[in-house]
Amino acid sequence: MKEIIAVVRMNRTNATKKALIDSGAAGFTALKVLGRGKLVEDKSVIADRKANMMEMAIGEDAKEAEALIDGFLDGQRLFPRRMFHIIAKDNQVDPIVQAIIGANRTENKVGDGKIFILPIVDVVRVRTAERGETAL
Amino acid sequence: MYLIKAVVRPEKRDEVLYELTSAGFNAATVVDVVGRGKQKGIKIGNIVYDEIPKVMIIMAVKDVDKDDIVSVIMRSAKTSEKGAFGDGKIFVSPLEEAYTVSTGAKEL
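Quick note, the sequences are listed as chains A and B, same order.
So the first sequence is numbered by this note's numbering: it starts at 30 and just counts up by one.
So the second sequence is numbered by this note's numbering: it starts at 50 and just counts up by one.
Isolated chain B, as found in the complex (with noise of 0.2 Å):
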């Protein structure tokens, strides 16, 4: 299993998450964050503005999903066809074990 985390544009985040679902995957957890990349931040005459808010969205994936899922994310999370700088990253980690809360089982 995989847990995905997912740093979109905040506006993008009902497309992205209305896409997960057509193809399948419903299942996330969204958190507000605020964060700055590669360029820096955004410098707009003398002010930098390096805590620029973003959403981020967390999954966790069986294996065989994995790619699926970062495809439809990276799809749907572009603002143009090239994509520009902003539209955020997606991290992938390794999950050792998932538990259900209401059934106890260990499993998605």
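Next up, chain A with everything else stripped away, as it sits in the complex (with noise of 0.2 Å):
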């Protein structure tokens, strides 16, 4: 058994829990986290992004524009994000994946997300006391 935990955008919440249900992955367990991801140290991903703000920032004092918005983009800041967690058996780890992921990919290039898979060793149903698998 492995436990996924999958950090996605807030908005894409609903469409994560879709994506589980027809992936075979009905249960799951999901807060309210704040993140942050790598440094943006390759300037020329978020340029597009930054031009769009400085855009609406049209009639404010310039530098101070850009100092903020590069503040917002360099990825030192927290942003709110959804964390999932969800066990699943070993073989439909692989298509829980891939649906996440499909649920997930934007056309901005950072801040889609993370998904970790961590070993489980056992796992016990409150109801009954069944162990394992079964419990599921």
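In short, the hints are calculated from the structure, not lab data.
Careful, some of the hints might be misleading.
[Said to hold, decoys possible] Pairs of lysine-lysine, DSS-like flavour, derived with a Cα cap of 30 Å:
#1 B:Lys-87 with A:Lys-118
#2 A:Lys-31 with B:Lys-127
#3 B:Lys-89 with A:Lys-72
#4 A:Lys-61 with B:Lys-111
#5 B:Lys-89 with A:Lys-67
#6 B:Lys-155 with A:Lys-72
#7 B:Lys-87 with A:Lys-61
#8 A:Lys-67 with B:Lys-87
#9 A:Lys-46 with B:Lys-127
#10 B:Lys-61 with A:Lys-61
#11 B:Lys-155 with A:Lys-67
#12 A:Lys-67 with B:Lys-61
#13 B:Lys-131 with A:Lys-61
#14 A:Lys-61 with B:Lys-127
#15 B:Lys-111 with A:Lys-72
#16 A:Lys-79 with B:Lys-127
#17 A:Lys-79 with B:Lys-155
#18 B:Lys-155 with A:Lys-118
#19 B:Lys-155 with A:Lys-61
#20 A:Lys-118 with B:Lys-115
#21 B:Lys-155 with B:Lys-92
#22 B:Lys-87 with A:Lys-138
#23 B:Lys-115 with A:Lys-61
#24 B:Lys-115 with A:Lys-138
#25 B:Lys-131 with A:Lys-31
#26 A:Lys-67 with B:Lys-54
#27 A:Lys-92 with B:Lys-131
#28 B:Lys-127 with A:Lys-67
#29 B:Lys-155 with B:Lys-89
#30 B:Lys-155 with A:Lys-47
#31 A:Lys-46 with B:Lys-54
#32 B:Lys-54 with A:Lys-47
#33 B:Lys-54 with A:Lys-138
#34 A:Lys-118 with B:Lys-54
#35 A:Lys-31 with B:Lys-155
#36 A:Lys-72 with B:Lys-115
#37 A:Lys-138 with B:Lys-111
[Claimed, not checked] Stretch-level coverage of chain A by chain B, calculated; a stretch enters the list once three of its residues show a Cβ under 8 Å from a Cβ in chain B:
#38 97-111
#39 126-137
#40 155-163
We put the CB at the ideal spot given by N, CA and C, even for glycine.
Bring the two chains, given one by one in their own frames, into a single complex with the hints.
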């Protein structure tokens, strides 16, 4: 058995839930979290979005706006994300991972999230005290 | 790879994250949690507070970075040279696979 931890965009929560049902993993736990990823070292990745945001800031002090936008995009800030915990049988892991990736890819080059896979040693169903894969 | 879960004081959150960035480890997930430790919470008069607010910092790290990151958190989350009850805990568990959604690549 494996635990799949996926961190995804807030506005993709419903798409992810639907993808999980379609891939055969209906049960999950979800949390609201704050997160950040790698620092953006290659500035060309965020150039498009920076240009977009600079357009929105027309009429403001350009230097001030640029400093603000840089701080927003360079990756040091914490942004809200949704964290899913899913426990699955070994052979379900790949379809679930592909479903989460399919539901969460966007045109933005950074910030789509991460998926982690950890080993699970045992599972107990509280109602019947069943153990192992039958308890899933 | 490893998954590091560090439970630290809420007022130390920004300091720990800043120190991690300075050391070159930027990626982290932050959750507000409540919990108690070995001291069974705090007893003030007749009232026991056993749901003490903390912040959990979750990080997926490469094998070679694990010890560095643990020592950075250890250093920056301490409230004094000796440390005090309630400064937190760091848990490390094995991580088998990691995927990046934007590229679909099987890497951190």
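Status of each hint after checking the structure:
1. B:Lys-87 with A:Lys-118: violated (34 Å)
2. A:Lys-31 with B:Lys-127: Answer violated: A:Lys-31 to B:Lys-127 is near 34 Å, above 30 Å.
3. B:Lys-89 with A:Lys-72: Roughly 49 Å between the alpha carbons, so the hint for B:Lys-89 and A:Lys-72 is violated.
4. A:Lys-61 with B:Lys-111: holds (25 Å)
5. B:Lys-89 with A:Lys-67: Violated, at about 37 Å.
6. B:Lys-155 with A:Lys-72: Between B:Lys-155 and A:Lys-72 the Cα gap is close to 23 Å, so the pair holds against 30 Å.
7. B:Lys-87 with A:Lys-61: holds (27 Å)
8. A:Lys-67 with B:Lys-87: Roughly 35 Å separates the two Cα atoms, so the pair is violated.
9. A:Lys-46 with B:Lys-127: With a Cα-Cα distance of about 39 Å, the restraint between A:Lys-46 and B:Lys-127 is violated, given a limit of 30 Å.
10. B:Lys-61 with A:Lys-61: holds (20 Å)
11. B:Lys-155 with A:Lys-67: Between B:Lys-155 and A:Lys-67 the Cα gap is close to 16 Å, so the pair holds against 30 Å.
12. A:Lys-67 with B:Lys-61: With a Cα-Cα distance of about 21 Å, the restraint between A:Lys-67 and B:Lys-61 holds, given a limit of 30 Å.
13. B:Lys-131 with A:Lys-61: violated (34 Å)
14. A:Lys-61 with B:Lys-127: This hinted pair holds, its Cα atoms lying about 27 Å apart.
15. B:Lys-111 with A:Lys-72: holds (24 Å)
16. A:Lys-79 with B:Lys-127: Judged against 30 Å, a Cα distance of about 38 Å means the pair is violated.
17. A:Lys-79 with B:Lys-155: At roughly 28 Å apart (the allowed maximum being 30 Å), B:Lys-155 and A:Lys-79 satisfy the hint.
18. B:Lys-155 with A:Lys-118: holds (19 Å)
19. B:Lys-155 with A:Lys-61: holds (24 Å)
20. A:Lys-118 with B:Lys-115: Roughly 28 Å separates the two Cα atoms, so the pair holds.
21. B:Lys-155 with B:Lys-92: Status violated; Cα separation ~48 Å.
22. B:Lys-87 with A:Lys-138: violated (44 Å)
23. B:Lys-115 with A:Lys-61: holds (26 Å)
24. B:Lys-115 with A:Lys-138: Answer holds: B:Lys-115 to A:Lys-138 is near 27 Å, not above 30 Å.
25. B:Lys-131 with A:Lys-31: violated (39 Å)
26. A:Lys-67 with B:Lys-54: This hinted pair holds, its Cα atoms lying about 18 Å apart.
27. A:Lys-92 with B:Lys-131: At roughly 45 Å apart (the allowed maximum being 30 Å), B:Lys-131 and A:Lys-92 break the hint.
28. B:Lys-127 with A:Lys-67: The hint holds at about 25 Å.
29. B:Lys-155 with B:Lys-89: violated (42 Å)
30. B:Lys-155 with A:Lys-47: OK: B:Lys-155 and A:Lys-47 at ~23 Å, within 30 Å.
31. A:Lys-46 with B:Lys-54: holds (25 Å)
32. B:Lys-54 with A:Lys-47: holds (29 Å)
33. B:Lys-54 with A:Lys-138: Answer holds: B:Lys-54 to A:Lys-138 is near 27 Å, not above 30 Å.
34. A:Lys-118 with B:Lys-54: Cα-Cα ~24 Å, so holds.
35. A:Lys-31 with B:Lys-155: holds (16 Å)
36. A:Lys-72 with B:Lys-115: OK: A:Lys-72 and B:Lys-115 at ~28 Å, within 30 Å.
37. A:Lys-138 with B:Lys-111: holds (23 Å)
38. 97-111: holds (count 4)
39. 126-137: holds (count 7)
40. 155-163: With 0 residues in contact (Cβ-Cβ under 8 Å with chain B), the coverage given for the stretch 155-163 of chain A is violated.
Hint compliance for this structure: hints 1, 2, 3, 5, 8, 9, 13, 16, 21, 22, 25, 27, 29, 40 are not met, and every other hint is.
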